[in-house]
Amino acid sequence: MKLTSRIHPKKSGLPPGSIVPIEMPKKEPVALWSFEFNENSCSESHPDDIDFAALKKATTISWLNIDGLSDAHLFERIGTELGIHNLTLEDIMTIDQFPKVEDHERYFYIVLKMIFWDDTENDLEAEQVSLLLLHDIVISIQEKPGDVFNPVRERLRRGVGRTRKEPADYLVYSLMDAIVDNYFNAMDRLGEEIEKMEDEVLEQPIPATSFKIHKLRTKVTMLRRSIWLLRDVVSTMLRSESDLIRPNINPYIRDLYDHTIKVIETLEIFRDTLSGLLDIYLSSVSNKMNEIMKVLTMISTVFIPLGFLAGIYGMNFKYMPELDQWWGYPALLGVMVLFVVAFLLFFKKKKWW
Amino acid sequence: MKLTSRIHPKKSGLPPGSIVPIEMPKKEPVALWSFEFNENSCSESHPDDIDFAALKKATTISWLNIDGLSDAHLFERIGTELGIHNLTLEDIMTIDQFPKVEDHERYFYIVLKMIFWDDTENDLEAEQVSLLLLHDIVISIQEKPGDVFNPVRERLRRGVGRTRKEPADYLVYSLMDAIVDNYFNAMDRLGEEIEKMEDEVLEQPIPATSFKIHKLRTKVTMLRRSIWLLRDVVSTMLRSESDLIRPNINPYIRDLYDHTIKVIETLEIFRDTLSGLLDIYLSSVSNKMNEIMKVLTMISTVFIPLGFLAGIYGMNFKYMPELDQWWGYPALLGVMVLFVVAFLLFFKKKKWW
Amino acid sequence: MKLTSRIHPKKSGLPPGSIVPIEMPKKEPVALWSFEFNENSCSESHPDDIDFAALKKATTISWLNIDGLSDAHLFERIGTELGIHNLTLEDIMTIDQFPKVEDHERYFYIVLKMIFWDDTENDLEAEQVSLLLLHDIVISIQEKPGDVFNPVRERLRRGVGRTRKEPADYLVYSLMDAIVDNYFNAMDRLGEEIEKMEDEVLEQPIPATSFKIHKLRTKVTMLRRSIWLLRDVVSTMLRSESDLIRPNINPYIRDLYDHTIKVIETLEIFRDTLSGLLDIYLSSVSNKMNEIMKVLTMISTVFIPLGFLAGIYGMNFKYMPELDQWWGYPALLGVMVLFVVAFLLFFKKKKWW
Amino acid sequence: MKLTSRIHPKKSGLPPGSIVPIEMPKKEPVALWSFEFNENSCSESHPDDIDFAALKKATTISWLNIDGLSDAHLFERIGTELGIHNLTLEDIMTIDQFPKVEDHERYFYIVLKMIFWDDTENDLEAEQVSLLLLHDIVISIQEKPGDVFNPVRERLRRGVGRTRKEPADYLVYSLMDAIVDNYFNAMDRLGEEIEKMEDEVLEQPIPATSFKIHKLRTKVTMLRRSIWLLRDVVSTMLRSESDLIRPNINPYIRDLYDHTIKVIETLEIFRDTLSGLLDIYLSSVSNKMNEIMKVLTMISTVFIPLGFLAGIYGMNFKYMPELDQWWGYPALLGVMVLFVVAFLLFFKKKKWW
Amino acid sequence: MKLTSRIHPKKSGLPPGSIVPIEMPKKEPVALWSFEFNENSCSESHPDDIDFAALKKATTISWLNIDGLSDAHLFERIGTELGIHNLTLEDIMTIDQFPKVEDHERYFYIVLKMIFWDDTENDLEAEQVSLLLLHDIVISIQEKPGDVFNPVRERLRRGVGRTRKEPADYLVYSLMDAIVDNYFNAMDRLGEEIEKMEDEVLEQPIPATSFKIHKLRTKVTMLRRSIWLLRDVVSTMLRSESDLIRPNINPYIRDLYDHTIKVIETLEIFRDTLSGLLDIYLSSVSNKMNEIMKVLTMISTVFIPLGFLAGIYGMNFKYMPELDQWWGYPALLGVMVLFVVAFLLFFKKKKWW
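Chains as they are written, first to last, in the numbering used here: chain A, 1 to 353; chain B, 1 to 353; chain C, 1 to 353; chain D, 1 to 353; chain E, 1 to 353.
Take the hints with a grain of salt, since some may be wrong.
When chains are identical, the list treats them as one kind, so a pair holds in a single copy or across two.
Unchecked claim - Mimicking SDA-like on lysine to any residue, the simulated pairs with C-alpha atoms at most 20 Å apart in a straight line are:
id, residue 1, residue 2
1, Lys-351, Met-289
2, Lys-56, Ser-45
3, Lys-262, Glu-76
4, Lys-196, Asn-248
5, Lys-215, Ile-269
6, Lys-144, Glu-203
7, Lys-219, Glu-195
8, Lys-100, Asn-316
9, Lys-56, Pro-321
10, Lys-351, Thr-209
11, Lys-165, His-85
12, Lys-262, Arg-224
13, Lys-165, Ala-53
14, Lys-349, Asp-199
15, Lys-351, Phe-339
16, Lys-100, Glu-198
17, Lys-318, Asp-258
18, Lys-219, Pro-99
19, Lys-351, Glu-265
For the record, the hints were derived by calculation from the structure and aren't laboratory data.
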């Protein structure tokens, strides 16, 4: 999630609704995964292409998962065959969308962010997931192949839960629930990261730490804004009056809403904690400085006056009576020791150590 | 209330509405406590199991208190016998809920946080309480056995107050009132803790103090968010049009609402105070530094020039006329004393001590 | 207004609506003050007890002022005789209420805070005032005897203004107006206190100052929250559709509302100013440090090199040609003077003095 | 605009609606300025007193401007003759009003603040302007004689613009527009003041600067709050359904509204800039300190070790072989020079200069 | 975007609705560019003047682009011929408008800001664009000639996209879309600028850097406010019930709305990042100071005590037995080396290097 990445669709000048394939560094082919299921049966396949005729005739519910956005032609055909608006197709293929839901009467279009912690980069990553809900057809589009939907697939195969017994809106809910459930994993890792930073700040406050805190806070801020919009998506679905989303699944969507709130609340606390950490960092640095200054001051305060005393008796005046006494040297040493003791008591009283 | 604890239900992948028993470190059995009462009588028992047949036939009001969440089977039976939705049962058994109220027509589901100050941990602890309000049946579910409902039990036994004279909604109000009343105890302890910190900050500002303030502020922030949601719960109940909550008890719920507001206002002020304390801490550290620097500067400013003077007359030039005069040494000492006095006056004027 | 004081009603466990007398350190008896007035007459008395029969029969408007909350029995009788709800009585006797208004159909219950600056404590104090508005009867209850209502009394006695010509709602307005008018006195004193602090911060920034600012800011924050609630009280009265508050006095209540807004605006600015003062304080401390460091640096920068030069010619090498020249000593002194002048010019250029 | 000035009307205790003349330091008489105009004619006069009979009979539109608030009797007569409510008259004579508009059916009462930069005080000043809009009569009341309405007068005299062709509401709009137009002048001066401060902060950060920033920020805050209320005034007028303000002038009032928004936006940015400046100030002070410390450290780091070396060879040990060699002195000097060069390179590498 | 520039229209005193030509430093003539198109044809010309008769008779859609605001007479004629309100004309010619949309029934007036990064000034620049949408006529007015509309022109010429097939409202949408698309370029440059600053802050924190951050933050704040208003413009258009904006283009305007949201979110994150950077800057400065102080303290702590030791043996006491021993000098040197080693270990333990 670099600051400047993905802001600009790099296509200014094209007419609205233009479908531009996402240029992937390694041109991977688009992968399809198809489920046809009803309460009694569930068939699964990895077709090379979409058979729209079969799709439209099917009496079962069809779930089509597409991994990869490089095949613009495929999406154009989806648009033509299933009646998807060009602007929707453009949104699907633009991977910097904010979460939103659009009711196009014939279909619902939902964009979400999948969040996960990338351990190799030690960073929070986001990936875009688009969901199209038509009557009896659900199409999910991911940027890259991923395993976040595996629990849903497993439940479909084994027929546990209600997914196979309910219409397509329950499947969409299940997919969204899988994505939001996955947020909690990212939150857990983020929380660990923050606790690691709290230790670092107290023990060894270096500028790099404050910068790491700053970076993490920016990331949490970005995430928070994205989840706020997700909350709006879910609450829009709650209030929807479309036929595609039945009132029956409202308790489930409300549950999803509660989870979203929980993510937001957690992020708010993370943000607050990170802001506080910067203050702690600053105060740690100041304390470090205080300690350094104490050492300097104690050493200087003890030895500069002593050095002056020694300097006095290093002078070459002809008439310095003390110099000629046998007790002069030990007496001066004694005075110096007394002096040191007095200062140590003074520092003790000031609680400097 | 650790940052990462309890964020993740650790059950991603299960179908929604799954009821997973809370794994307790020490597998304590679930404890039941049952009250059957009406205006004239009140019987109390500790049954081993719930007799749903008797419960449903009873003409009195039944209050069933369940301590512990380890018995998933019990909650499944409650679901089947009393018609509680699976998602509600899942919420009851997931101990990281935010406060909320749900009107399921047949019943009300209310989740609350019980807050208390744990003196052994010196920390604020939260525990989840679920309340189910059915017609003539109230079920309260706590994480651990606790004594916060004792005043209500005592009033039921002795028949004081209106609890025994009113329908089940008044009992639910009484339980919520007992929980919110208990907040004030936690607020009192928190206030004391903050005042202790104010003293610490002024007297001995060490990094650990700023970290403690930071931690306490995070906790107050978390609490505040939780109570804001509680406020919504209470105001939802105020506006409820269900039969289960009669308009008659609105004055009582409004009173509860006022108490919630008072807790929120107190927490806002605590948060503000703790934020302010971090500033005070920083300024205390800076002042400490100033004091250290003053000592260093005063000592250096007095003795470095004096040392230089002594150095001058320690030089070995052949022709230094002052060295040969009998008054050279005392004169120099006199000059030095004058010098010291001048600097002390200078520091005095600068108000450095 | 201590942080922990008055948070906890110290009565958890009692049934709602319990009336507990306020424990006063010195058990002062409750003082009554009664006015019976209409357009033509006004009689005033200090009865020992309330004659409810006479009160209910009276054709004039009755204003009863009660100073002190120690007599629980009195309030119980008020409840029984005038039909005041138990929760209202409990609120009257709990002196940590936030401002609110409650429309109980038969009567209005208004709680307000009286604010005054306590010159002996040098602190802002708040006192609770409860107002009960019944048809033709107004009861005002204060914690302690006070003179804030004197102007209203005086106007009643002398018959100036409209108080005697209008029904009871105008009297309640007059009492609230007297309380809010009194806020401006407290605001004035607070403003003076803040201006005093501004001087202190610039002249002698010590940690105690920052702590005083912090304390004052906490107080202003508490006050602000209280007045925000007062604003709600007034605007609720404006929108009231009860018979007890006639539309005729709306212009007066709107005037009261404007005054409340003025208090809030003033407090916002005070809060802003106090927050700013903490920043100024920190910058003052830093500047002080800069000044101290400048003194140290100037002294060290001048005398450490000079001391080194003197040290050079204090060495005991056999062959140091300079030592044997008659001009060695004055030349060195000359060099030293030049050196000092050069540094002074350098400091001048750096604008260090 | 002192913090404590004008908060308190200094009249607590008086019955609401009391009209107290503003005590002016120099008792200037109230000045009247009267315009009678319609599309064809415009007559102007400076009457000594108001001729209410003529005023009420006039078929032209009458604009009466009153400078000064010292003549309470005059306002009482305005109240009686034109039917102005006592509370309105009290507001007119209380010069610490916040902007507001009141629809009294028979008339509109509008209070505004006139803002100008006082170059002699180098400060932002505010003055209160009250506008009364009756049918065919407009009365404007200013604290002091001023020239802000001159453009409107000029347009009336010369008959340019629409003022003479439209009813009285257009005149009120013109007067408000003249006042808001004048804000931009004050904004310009304020912006210059802030840019001056930006230079000061970077070049010579002294505590007085931070205090000036703080003061200016407080003033901008006060102003902003006042203009927010002005915005409400204008938007209330937009939504007004009174006969006194015709829908025809809505485009003009919307234009006024846009100007108000522009003032608010500018003030928000000023406030943000001033807050930022305080941070810059603090960082400037820290940098200054860093520079001072660098000088001290460089001098000390070079000369303290050198002084130590010189001290070594100033010792009086009998057997110090180096002292007797002819090359001892120049060799030591050479070592010292190398030492200095080494440190200079070290500082160079650390980028300390 | 200087702070004081463009605040003041410099025309106070003129009647509202006055049309004042913008004084350009170099009096460039106004340039016209005209498109007449329908689905089948598209003709383009650069007329010297507007032929209003032809314009009004045309059966095609006419798009007239005007570069430059210096010709007041031209705008007056547009007002007369096309029925544009004087206040609209005044707004078009005042280049400091905030974004707004006005529905004048006969026409829509839309003001927008064009944002671009000026590489020569290294600064963000804004330019005002006014759009007038009449039935079949669109007039766009820019401050200076620019190429932001080129993509739209190109699409018109080549007939790609829907622009030529749709009524005038789609053209207005296309122009607004071109402007907002262009924002992303400015955002990209701004993001790069901020990342450059992040590096600067960590590597070489000088006051100029903090000032640059401050300036950039002010600019982002100004921009954010402007885009917020743009968002309102777009959402007003979405809700418009005028005939001039058909419901058919709502999906497109909603797409525009999404883009605006994306710009706002990006700016919020930029602002947050810049605020954080100031904190990082301050902590970098403090760390720098710590490092300087460490050098000073290490040097002083080692050499001041050593210097004192040397001073001791430079004293001229008669009886100092150590001086006469042959091992005195090497022994002292040995002690000194041990001393240095001890301190180095101490610093090592304190992790000072």
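Going down the list of hints, with the structure as the test:
1. Taking the closest pair of Cα atoms, Lys-351 and Met-289 come within 20 Å of each other both inside a single copy (16 Å) and across two copies (13 Å).
2. With identical chains, the CA atoms of Lys-56 and Ser-45 are at most 20 Å apart within one copy only, with a shortest distance of 17 Å there and 50 Å across copies.
3. Proximity of Lys-262 to Glu-76 under the C-alpha cut-off of 20 Å is found in neither arrangement, the shortest distances being 38 Å within a copy and 25 Å between copies.
4. Neither within a single protomer nor between protomers do Lys-196 and Asn-248 lie at most 20 Å apart by alpha-carbon distance, with minima of 44 Å and 53 Å respectively.
5. In the homo-oligomer, the alpha carbons of Lys-215 and Ile-269 lie at most 20 Å apart both inside one protomer (16 Å) and across protomers (11 Å), since each shortest distance falls under that limit.
6. Proximity of Lys-144 and Glu-203 under a CA criterion of 20 Å is satisfied in neither setting, with 40 Å inside one chain copy and 37 Å between copies.
7. Taking CA atoms no more than 20 Å apart as the test, Lys-219 paired with Glu-195 passes in both settings, with 16 Å inside one copy and 14 Å between copies.
8. In this assembly of identical chains, the alpha carbons of Lys-100 and Asn-316 never lie at most 20 Å apart, being 90 Å within a copy and 86 Å across copies at closest.
9. For a Cα distance limit of 20 Å, the shortest separation of Lys-56 from Pro-321 qualifies neither inside one copy, at 117 Å, nor across copies, at 106 Å.
10. With identical chains, the CA atoms of Lys-351 and Thr-209 are at most 20 Å apart between copies only, with a shortest distance of 16 Å across copies and 30 Å within one.
11. When the C-alpha separation of Lys-165 and His-85 is checked against a cutoff of 20 Å, the pair qualifies only between copies, where the shortest distance is 17 Å, while the shortest distance within a copy is 30 Å.
12. With identical chains, the CA atoms of Lys-262 and Arg-224 are at most 20 Å apart both within one copy (12 Å) and between copies (14 Å).
13. For the identical chains of this complex, Lys-165 and Ala-53 are neighbours neither inside a copy (24 Å) nor across copies (32 Å), given an alpha-carbon limit of 20 Å.
14. For the identical chains of this complex, Lys-349 and Asp-199 are inter-copy neighbours only, at 19 Å across copies versus 31 Å inside a copy, given an alpha-carbon limit of 20 Å.
15. For the identical chains of this complex, Lys-351 and Phe-339 are intra-copy neighbours only, at 18 Å inside a copy versus 26 Å across copies, given an alpha-carbon limit of 20 Å.
16. With identical chains, the CA atoms of Lys-100 and Glu-198 are never at most 20 Å apart, being 35 Å at best within one copy and 32 Å at best between copies.
17. Neither within a single protomer nor between protomers do Lys-318 and Asp-258 lie at most 20 Å apart by alpha-carbon distance, with minima of 93 Å and 88 Å respectively.
18. Within a single copy, Lys-219 and Pro-99 get their C-alpha atoms as close as 16 Å, which meets the 20 Å cut-off; across copies the closest is 28 Å, which misses it.
19. Taking the shortest alpha-carbon separations for Lys-351 and Glu-265, neither the intra-copy value of 42 Å nor the inter-copy value of 38 Å comes in at or below 20 Å.
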